[in-house]
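Now for the letters of each chain:
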Amino acid sequence: MTEQTAARPEVSRRRLPGVNPVYVLVVALLLAIFIMNPAFGEPTGYMNFLKRVAALAILSGGALYVIVSGGFDLSVGSTMTLTLTVIGSSMLASNDPNSTYWIIPLMLGIGLVVGLINGLVVSYLKVPSLIATLGMMITLNGVAFMWSGGAPRGYLPDTFRFFGRFNISDVPLIGILPVAVICLVVFGTILWWGMHRTNYGRMLHAIGDNPQAARLAGVPVQRVRISAFVVSALTAVLAGVILGGRGGVSVDIGSGYELQAITAAVIGGAQLLGGRGSVPATIAGALALEAIFTLLNLIGLAQPVRLVVQGLILIGAVALATYQRKRAGR
Amino acid sequence: MIDAPVIEMRGISKSFPGVKALRGVSFACARGEVHALCGENGAGKSTLIKILSGVYRPDAGEVLIDGKAQHFSHPQNALLAGISVIYQEFSLLRERTVAQNLFLGREPLKNGIIDSRAMITETQRVLALFGIRHRIKPETLVADLDVASQQMVEIAKAISLNAKVIVMDEPTAALNEAECEVLFALVDRLRASGTAIVYITHRMREVTRIANRVTVIKDGEVTASFDTVPAPEVIVRAMVGRDISEYYPEPAAPAEIGKPVLTIAGGSNASLRDIDLELRAGEIVGFAGLQGAGRTALAMAIFGAAPLTAGTMTLDGKTVRLLTPRDAIRAGIGMLPGDRKASALVLMQSVRDNGMLTARSFAHALGRRNSNRFIGIEGMDGLLDQMKVRAPSYEQEMRFLSGGNQQKAIVARWLALRPKVLIFIEPTRGIDVDTKASIYHLMRDLARGGAAVMMVSSDLPEILGASDRIVVMRDGRIVGQFDRTATEAELMLAATGEAAGVAA
Amino acid sequence: PNFDDPAEFAKQREQLTATFNGPADQPYLQYAGDAMVDTTEFKKEGPWTVCFSNAGVNNPWRVVGYTNMTEEVKLHPEIGTFTHVDAEGSDDKQIADIDDLLAGGNCDALIVSPNSTAALTPAVEKACAAGLPVIVFDRGVTTDCPVTFVHPVGGYGFGIQAADHIIANVPAGGNVLMLRILPGVDVLETRASGARNMFAEAGLTVLGEEFTDGDNAKTKSIVEDYLQRGTIDAVWMDAGATAVAAVEAFEDQGVDIPVVTGEDQQDYLQKWRDLGFKGIAPTYPSYQWRTAVIAAVNTLKGEQVPGPEWVLPQPAITQDVLDQYINEKMPPLHYAMCGCEDMETYPEAWGGTK
Amino acid sequence: MTDTPLTASKPPRFRFDRHASTILLLAAIAIYIVLVVALGQTRFLTLDNLVAILGRSITLGITAIGQTFAILVASIDLSVASVISAAAVVTSVVMNGEPSMMLPAILAVLSLGAVVGLINGLVITKLEVNPLIATLGMSLIIQGVLSYYYNNFAGAVPAEFQVFAYGSVGIVPYSLIFMFALAGLAWFVLRFTRFGSDIYSVGGNQDAARLAGIKTARVVIGAHVICSLCAAIAGIYLASRLRSGAPWIGAEGVYDLESIAVVVIGGTVLAGGRGGIWGTMAGVIIFSLIDSIFNVAGVDAFVKQVLRGIIIIAAVAFYAARSQRPVA
Ligand SMILES: Nc1ncnc2c1ncn2[C@@H]1O[C@H](COP(=O)(O)OP(=O)(O)OP(=O)(O)O)[C@@H](O)[C@H]1O
Ligand SMILES: Nc1ncnc2c1ncn2[C@@H]1O[C@H](COP(=O)(O)OP(=O)(O)OP(=O)(O)O)[C@@H](O)[C@H]1O
Ligand SMILES: [Mg+2]
Ligand SMILES: [Mg+2]
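Protein sequences, first through last, are from chains U, V, P and B.
Its first residue numbered 2, the first sequence is counted upward by one per residue in this note's numbering.
Its first residue numbered 101, the second sequence is counted upward by one per residue in this note's numbering.
Its first residue numbered 63, the third sequence is counted upward by one per residue in this note's numbering.
Its first residue numbered 10, the fourth sequence is counted upward by one per residue in this note's numbering.
Treat the hints with caution; some may be incorrect.
Unchecked claim - Distance condition first, Cα-Cα at most 25 Å in a straight line; then the derived DSS-like pairs of lysine-lysine:
1. P:K363 / P:K188
2. V:K318 / V:K120
3. V:K168 / V:K264
4. P:K136 / P:K416
5. V:K168 / U:K327
6. U:K127 / V:K441
7. V:K441 / U:K327
8. P:K105 / P:K136
9. P:K280 / P:K340
10. B:K224 / V:K210
11. V:K359 / V:K418
12. B:K224 / V:K264
13. B:K135 / U:K127
14. V:K441 / V:K488
15. B:K135 / U:K327
The set of hints was computed from the structure by calculation and includes no laboratory data.
Full structure from sequences and hints, please.
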């Protein structure tokens, strides 16, 4: 911001306004929960809540990478299913605690491959990611079932469930500190850093905004896009580890999470089809989704009513964000 | 002969987030006159037009058509009121045919069903007006046309409405001399038939050639209005607020021209045939030719976007094979594409991000975004200032900048990398005189700094004014080489093939 | 459809304790009452092609059941080919599948496990009309044209067994949380309505009926939320899939585990034994998948089969018999009441290890 | 002014992607025949079986016709599944076995569809909510309202009405004829009416369309109304086929994602502005063929899923791979 840019045409120097509505939404919801149920104010209350969100929050943060790059990843849910049931099925027929140390890397390996395939199919076969990952979703579910024969064959050892289930107790101030929350903070920070502090993050925005221009500006478009799908798949695995840790092994664990992740990102103000998105806001979006669920639980609304409310909030949040962006000219 | 104004705009004001684009602008245009609208990039010309045509609503002021106040809420209202506009940025549907584009939203119906035959014949009639009936077929997809022809279709679309007011926002930006002449002839005819024409351009000679009156906008305000066309210098002074000394910089002295940086021998590909070329350090080489002559193709070939399939290319004496833009950039070649929106800009990102993009692409992917081995944020801001990019803040999203300012930001992008060879494709398309001059000087400075500059342009005066050496292309071949003393006539001859130029 | 039918409720409460005909050690051959249908009209020389239109194998219970079925088929050399078409849980698809089978026209008998009762009725009628012997099992159809309809006692029965256990172990005025998979599935609805009434009579407070979509994480969240708001004396489950998650919710909160009902999945049975809370596992026996095949075979042999309904016994696993159903070597979601231990491919075919 | 003898237009390239769906369809048929012959199951080549195959996916087909409009105008509709459920339930509840109520029921359902489409369109155009989100939200809302009142099969359609799904002239079911008639109508609208051409224009470039004076919002809304109407009709058909409607039958058929898949396989680009109805029909038939092939070959349920996923990708890749446009 300098002299002659300030000079003409006369322009207001103040930063364009606009706190992302999602943060307001989250605060409001959490307050409402607290009012409904003061117990929520105690560590066990909100820590349980955060513990619950961890998986979705991390997942959404990863999904955001693909969204910002201009695509969709519908295969994250099935990636969770596959990796978990594969573990739950073939690897862990015997509940061997030590297996965890080689199984998580193995799961990440599978995630890597899935992400690579998604990326390659979109980049080189030019299949729209919506379809490519839809196909991948169907395929992976099939593979998961094939592999496990329709139901998991074994249990997840406690060493594995540690990440999603264990609480570090009697921590000063907060009392309990779930491991899942630590994971959330760590991976959340990494995702934030990658998206908002590195050249990579800016390139991601660029290819989502205008691939042709990015290419002619020297951005390695294919590589960046593929990596986005890889990040998404890897976070899916991590989220899976936490989710499996929390709930234990089940058949279709993770199904439905793909849409939730996208929803969280969009509530966080991400632009579908690319070019704009924020990791913290997306995580806030995930918090909002979970908060809605909890709140409706508390109010004791009937399942159907909850669906309606969720639908309204979803549309409302996005409409508001769009409106604000238009007013702020950003 | 100039009677009551058809359109009159009174005290129009319009602001966008962070920008006051127009402040109390009044403007009028009468039947049978061509009213030129001049102003620097970002002065507010297009905005004014978009208010006239119902794209934007004014914050203040009123629009009168034939003396009656109008409140357009949708472009359709303006169209119905007899106002037709050729917008600065293309508004064609690439996947539809020329005919379908011409009749977009107003297809002729025969008992409820679209009458395709009528569309075709009417389209042919309109195209005939330009004498381009054989060049553009009504059934062709716009996507299959080159830029010039697309521009022609845009114009045809506006004409075919038989509107009483036609607004042309930089209609010749993508046209070469011959094509411009066709347009001017058409404008004369329309004027004679009593149409009111608002004509926006950055090219002074066009103003002198066709305008009856001139209005100059600066920083969103009318700074001058002439009922007869004054000397270009007068207009320019009104636009810029000062005289522009040496419009074109000094050519390179023989001593300044160094050894060959880039050479091509027998280069060919789908759209190029055995190109022999030599670009020397410190030299600006202008590439002239008609649309489709292959200049862009050559540029794309050198830049690795549409690589050569035969022949050899050397850079600093070493043979290179550049298969992607990345290869080229790494080897020290830069390029500014002709169609900014499609090929250069990331519109949702900030001005800064646009400037930093290339530097970031070659810095460590996980390195800090705000400084890398090429340049840091401060450095970039410096370059943007130097380019006089006008924006409320460099954090402003690119899409809110005017065409010219966008172009300047892209130049800054390349300056950051100090390339050995820099290719400018139509570098001043839609750029105001002041900025033009600064871009010419900039090219010269780059050359003096030891770079080889390749300039593809359809603007002959610019070719002649800014180049040290001129290459003329036709049908994917190099058909002639001239030095800066050549005349426009010579170049046109070579370009159209009516006579071979001096073989180099 | 009416899911609160006192007559049916009474009948099933009846049948839970009734004595069944047939070999005591082979529950999948037993049947209530002694109504038989004559099948001589369908008598046919082997080898037969037996066709099976399956609603889907989209949950562990159906997986175990389908394994039972394929293993049973292997025991009958007369079955030349066994054609299985899977509707992946869609009525629309299953109707089309049956059309395909009929159009193909080489089935000697048709076994149908309807995805939903009303919707599949026309298709089944069409099959009957084509002169095929049709065996229906699990969920029924609203026509009596099939040879027989194989099913265990039923949903009310399941609900009754679970509710009885809770009522017996929770003092009046206690709080019961009812956790359900999803609304609408007939067999699940009847389980709930039966229990609901019984709790009302016994003066227990139902804290709420929550749907878990069979999602462990969600189940845990729900229980946690209820725990934050008060005590829970019993958790009633309409299916065992998420029982363990519910138990873990108490475990993780460091709360004593109250009565938590479940089903015959190994993971629940083992949790129950390890933590020693007051559990019970009503069952919806998967051995009915074997029975369906047997019914088809007998029909094609022209032998009498129990009908028009072949009602199978539906035992509940209680504390005293718990250990004999637990088998660490089986997968966590293996349904213990499979009546498959006597087959020699057991346990491998069911994903277990010797 | 003399004609400048220049060939400005590059030689029109053969637009492979425009014929791809046909090629795919032929390929699928070929595979089917080869397989059937190879397995010596030639009786599957009878006319009955052909009809059975075409009749497999009427619901999907009708839905996909509507989805084509939504996607052509560069939008998308994830609410079709819920609309199908709602329509089916309303149909069977209103009719409730009464032949006399058939007309009222159909009218009620159609207006329901129209309203949903209208709201979708308004939210997308006026509130500028991304279509994916708008229709996803709408889907939740419909599902909620629906399952608030019904949690199972409700009502019943009279026998007379089942004719729609089960009746036939000769061996050709009315429903099949109906579907192709509907497709024909859609084709006519897209090809010969101004509304149709507006759909392509708005889908191709909304700004350009607006500058040309097209009321883009109306076009988008119109497309969504058509889309929801088709979904509603699909629901009516499903009610007639299932004799009754339940709140989950739409979701259970995955008609939302599958309809999108067949439209894209049919060569309509998600970005909008390019494609057509017959491609979609080809896509639908391909899906039916896949299912039949699996049944004939007796493919295991899980393997079936794996293959289906791969086929979807492969089918789209088949022509997308050649396109020059960058995708994401
Ligand atoms: N949609 C918009 N949102 C925000 N700011 C805008 C918008 N359109 C134009 N502006 C700003 O308004 C000012 C005038 O822009 P305009 O396009 O009218 O300039 P112009 O005279 O047409 O310039 P050029 O000669 O480069 O076309 C510029 O500062 C531009 O940044
Ligand atoms: N943006 C681009 N990206 C890649 N290749 C391009 C691009 N623009 C042009 N080309 C190449 O140039 C060839 C000819 O392009 P076009 O028809 O525009 O003529 P031209 O090269 O632009 O001629 P001139 O620049 O002299 O008008 C195209 O077929 C293509 O191979
Ligand atoms: Mg302009
Ligand atoms: Mg060009």
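Structure-based check of each hint:
Using a Cα cut-off of 25 Å, the hinted pair P:K363 and P:K188 holds, with the two alpha carbons roughly 23 Å apart. Among the hinted pairs, V:K318 with V:K120 is consistent with the structure: their alpha-carbon atoms are about 12 Å apart, no more than 25 Å. Using a Cα cut-off of 25 Å, the hinted pair V:K168 and V:K264 holds, with the two alpha carbons roughly 15 Å apart. The hinted pair formed by P:K136 and P:K416 meets the criterion: a straight-line CA distance of about 21 Å does not exceed 25 Å.
This hinted pair does not check out: V:K168 and U:K327 have alpha carbons roughly 32 Å apart, beyond 25 Å. Note on U:K127 and V:K441: the hinted pairing holds, with a Cα-Cα distance of about 22 Å set against a maximum of 25 Å. About 21 Å separates the Cα atoms of V:K441 and U:K327, which keeps this hinted pair within 25 Å; it holds. This hinted pair checks out: P:K105 and P:K136 have alpha carbons roughly 20 Å apart, not beyond 25 Å.
Under the criterion of a C-alpha separation no larger than 25 Å, the hint pairing P:K280 with P:K340 is consistent with the structure, at around 23 Å. For the given pair, B:K224 sits about 22 Å from V:K210 by alpha-carbon distance, which is consistent with the 25 Å threshold. Pair hint V:K359 plus V:K418 holds up; C-alpha atoms about 13 Å apart against a cutoff of 25 Å. Our distance criterion of 25 Å between C-alpha atoms is met by B:K224 and V:K264, whose separation comes to about 22 Å.
Only pairs whose Cα atoms come within 25 Å are accepted, and B:K135 paired with U:K127 is rejected, the gap being roughly 32 Å. Restraint check for V:K441 and V:K488: satisfied, since their Cα atoms lie roughly 20 Å apart, inside the 25 Å limit. For the proposed pair B:K135 and U:K327, the alpha carbon gap of about 13 Å is at most 25 Å, so the pair holds.
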